[in-house]
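If you read the sequences in order, they're chains A and B.
First residue of the first sequence? That's 1 in my numbering, and the numbers climb one at a time after it.
First residue of the second sequence? That's 557 in my numbering, and the numbers climb one at a time after it.
These aren't lab readings, by the way, just hints derived from the structure by calculation.
Using N, Cα and C, we set each Cβ at its ideal position, and we do this for glycine too.
Please note that the accuracy of each hint is not assured.
Said to hold, decoys possible - Just so you have them, the derived chain B footprint on chain A, three or more residues with Cβ under 8 Å:
{"#": "1", "segment": "113 to 123"}
{"#": "2", "segment": "245 to 252"}
{"#": "3", "segment": "273 to 284"}
{"#": "4", "segment": "324 to 338"}
{"#": "5", "segment": "366 to 374"}
{"#": "6", "segment": "438 to 449"}
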Amino acid sequence: MFEKEKLESIRASAKEYRERLEAQVKKRPERQAGFVTDSGIEIKTLYTPEDIADLDYERDLGFPGSYPFTRGVQPNMYRGRLWTMRQYAGFGTAEETNARFRYLLEQGQTGLSVAFDLPTQIGYDSDHPLARGEVGKVGVAIDSLEDMETLFEGIPLDKVSTSMTINSPAAILLAMYIAVAEKQGVTPDKLNGTIQNDILKEYIARGTYIFPPGPSMRLITDVFAYCSKNVPNWNTISISGYHIREAGSTAVQEVAFTLADGIAYVQAAIDAGLNVDDFAPRLSFFFNAHLNFFEEIAKFRAARRLWAKIMKERFGAKNPRSWMLRFHTQTAGCSLTAQQPMVNIMRTAFEALSAVLGGTQSLHTNSYDEALALPSDESVLIALRTQQVIGYEIGVGDTVDPLGGSYYIESLTNEIEEKAMAYIKKIDELGGAPEAIEFMQKEIKDSAYRYQMDIESGKKVVIGINKFQMEYEKPKNLLKVDPAVAERQTAKLQALKARRDNQKVKQVLNNLREAASTKENLMPLFIDAVKAYATLGEICDTLREVFGEYRQQIVF
Amino acid sequence: MSERPIRVLIAKPGLDGHDRGAKVIAQALRDAGMEVIYTGLRQTPEQIVEAALQEDVQVVGLSILSGAHMHLFPAVVEGLRAQGADDILVVGGGIIPDEDIPLLKEAGIAEIFGPGTPTTEIIRFIREEVAKRTQKEEGKQ
Numbered sequence: 001m002f003e004k005e006k007l008e009s010i011r012a013s014a015k016e017y018r019e020r021l022e023a024q025v026k027k028r029p030e031r032q033a034g035f036v037t038d039s040g041i042e043i044k045t046l047y048t049p050e051d052i053a054d055l056d057y058e059r060d061l062g063f064p065g066s067y068p069f070t071r072g073v074q075p076n077m078y079r080g081r082l083w084t085m086r087q088y089a090g091f092g093t094a095e096e097t098n099a100r101f102r103y104l105l106e107q108g109q110t111g112l113s114v115a116f117d118l119p120t121q122i123g124y125d126s127d128h129p130l131a132r133g134e135v136g137k138v139g140v141a142i143d144s145l146e147d148m149e150t151l152f153e154g155i156p157l158d159k160v161s162t163s164m165t166i167n168s169p170a171a172i173l174l175a176m177y178i179a180v181a182e183k184q185g186v187t188p189d190k191l192n193g194t195i196q197n198d199i200l201k202e203y204i205a206r207g208t209y210i211f212p213p214g215p216s217m218r219l220i221t222d223v224f225a226y227c228s229k230n231v232p233n234w235n236t237i238s239i240s241g242y243h244i245r246e247a248g249s250t251a252v253q254e255v256a257f258t259l260a261d262g263i264a265y266v267q268a269a270i271d272a273g274l275n276v277d278d279f280a281p282r283l284s285f286f287f288n289a290h291l292n293f294f295e296e297i298a299k300f301r302a303a304r305r306l307w308a309k310i311m312k313e314r315f316g317a318k319n320p321r322s323w324m325l326r327f328h329t330q331t332a333g334c335s336l337t338a339q340q341p342m343v344n345i346m347r348t349a350f351e352a353l354s355a356v357l358g359g360t361q362s363l364h365t366n367s368y369d370e371a372l373a374l375p376s377d378e379s380v381l382i383a384l385r386t387q388q389v390i391g392y393e394i395g396v397g398d399t400v401d402p403l404g405g406s407y408y409i410e411s412l413t414n415e416i417e418e419k420a421m422a423y424i425k426k427i428d429e430l431g432g433a434p435e436a437i438e439f440m441q442k443e444i445k446d447s448a449y450r451y452q453m454d455i456e457s458g459k460k461v462v463i464g465i466n467k468f469q470m471e472y473e474k475p476k477n478l479l480k481v482d483p484a485v486a487e488r489q490t491a492k493l494q495a496l497k498a499r500r501d502n503q504k505v506k507q508v509l510n511n512l513r514e515a516a517s518t519k520e521n522l523m524p525l526f527i528d529a530v531k532a533y534a535t536l537g538e539i540c541d542t543l544r545e546v547f548g549e550y551r552q553q554i555v556f
Numbered sequence: 557m558s559e560r561p562i563r564v565l566i567a568k569p570g571l572d573g574h575d576r577g578a579k580v581i582a583q584a585l586r587d588a589g590m591e592v593i594y595t596g597l598r599q600t601p602e603q604i605v606e607a608a609l610q611e612d613v614q615v616v617g618l619s620i621l622s623g624a625h626m627h628l629f630p631a632v633v634e635g636l637r638a639q640g641a642d643d644i645l646v647v648g649g650g651i652i653p654d655e656d657i658p659l660l661k662e663a664g665i666a667e668i669f670g671p672g673t674p675t676t677e678i679i680r681f682i683r684e685e686v687a688k689r690t691q692k693e694e695g696k697q
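The whole structure should be built from the sequences, with the hints applied where relevant.
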């Protein structure tokens, strides 16, 4: 970026600066013996053109909206349209969640994001013995198309975009969404949204898996293939670093492991006979925004550049849309404290700001009471207002990539990319992400432990935990899920089973069982099955018969 | 008195997959010299009781963030009692609302450690409680 002579002269004056710096430090020692980012990257006192002497603007940054997309995926980013403000919501029954959705849409939220309860995420109906105590707790309980119809009642599916946090049974929930849309008179080509559909991070970090990796990958590539023809605007996967980070990884590991998972999906789809440019433009990503402000901004920029290179160079994708890493961000749940919870509002605001400065397409801001309970109406509103203040009041979206060219940000972006690439190389050597699950688990576990020990030693300051502790008032009005949800849900399920055409259900499930053992695309069979009101549990049980279940290797 | 290390089972009951806390605690207890067994995810109360007996542990640590603790924590204590293993110390952690804590203690969970608890505090509690129980046992003999 700089002329050689200019660099020489900067180098000369830097020498003089360093002498003055040393004298200063000798006189007055610095706050800490050394400074590092959360990923352990050493932070210098000052960054100068020397630190990015090799940076080539056209090669490494380029212009927003073009390769390698370091500065963003659109030419004018937020000057055109702000990011989608998408608060994740779901609890209790479909009726209650529908009411929360309508409330959020009235308050100016621009996209829906559905949280499902754990039984739904693991493919059990609400009356399954393993679902006891869990129904409606961390999300909404969906047993059948009937629940999905209630969930979206009065919400025009051609007008909103919906993100669904569902992985192992993602294809089935998508089939339900398509069926609900059809009932509303909305054709699949009008649907916008995302299913998370990222099974690898479930094995690595989040735990809501059902089937072994092989059949799970097949369900994912079936969705890619089906949607590329029938639901062209749907984001068929959201390759998620979020949970990897929540499980304790560093920012560098988050980028590395997420992109390694991405590589595995692209490879699986290519191996299944798909053309990379047919599905790659619909791949999307999901990252965490943690507290180390500049490192997070650099992380998003590094991830975007690295993915562009991977798609172009490694997979030979030709369509520029295939090179583009588009992502949703959620602020870091694990950074929130139960102590002095109002301080979480500030933490979340800074994290959200880093996501916006990093160029996110969509954002969820956490509510201040989330270390205590599911968010209440009041806390979720403050979280949404946080995004609106960033979007409408402080002007950070008025120019594109405002920190681009910062010596520190560019140096950090380079360093994160390099270190992430080294991890990807290591994962390649292990045979790719599905083979490297335990390696990644161990790396994450070690980082989580180090982070906790840094807090306990006071090396890492957390206000309210190891510094500035005080008595504080606990928030009132914490959301409590009605324990009667499970009974209501079970009663509904029984009524449905008595009412539906059970002969038809048997038939669609038999068809599914047969197709599952062939290579046939299962999406049309899921759509038939959900329309016949076969339950999620019945459909998943049918697949369990054919695919078997995943057994976790305990890494500890 | 023998210096047998304290044996602990760390368990994740229910369907919740968030095991960062469980793993961090397991490693901290191990670093503090205890023998630690981690069950992995998705354990039923029955499986946890069985593992506790089989591994002959003195302590069971339960971790849950999904809100299913009122159903799953007491079930573990009851299961242990039914097997005559009520000398095993049961502690819990995770996102547990304040108003649930007295109820869980009544059900026999010795202590609940909320978010932000230093591992040193958990280690201290376990050591003290196990020492008390050992003394009681020795007193009986």
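Do the hints match the structure? See the list:
1. Counting residues of the segment 113 to 123 of chain A whose CB falls under 8 Å from any CB of chain B gives 4; the rule of at least 3 is met.
2. A count of 3 residues in the segment 245 to 252 of chain A with a Cβ less than 8 Å from any Cβ of chain B is obtained; the coverage claim is therefore met, three being the minimum.
3. Residues of the segment 273 to 284 of chain A lying with their CB closer than 8 Å to a CB of chain B number 0, which falls below the three-residue condition for coverage.
4. Against chain B, the segment 324 to 338 of chain A contributes 3 residues with a C-beta closer than 8 Å to a partner C-beta. That satisfies the three-residue criterion, and the hint holds.
5. Coverage of the segment 366 to 374 of chain A by chain B holds. Counting CB-CB distances below 8 Å, 4 residues qualify, and the rule asks for three or more.
6. Closer than 8 Å: that is the beta-carbon criterion, and the segment 438 to 449 of chain A has 3 residues meeting it against chain B, so the requirement of 3 holds.
Comparing the model with each numbered hint stated earlier shows that hint 3 is the single one that does not hold.
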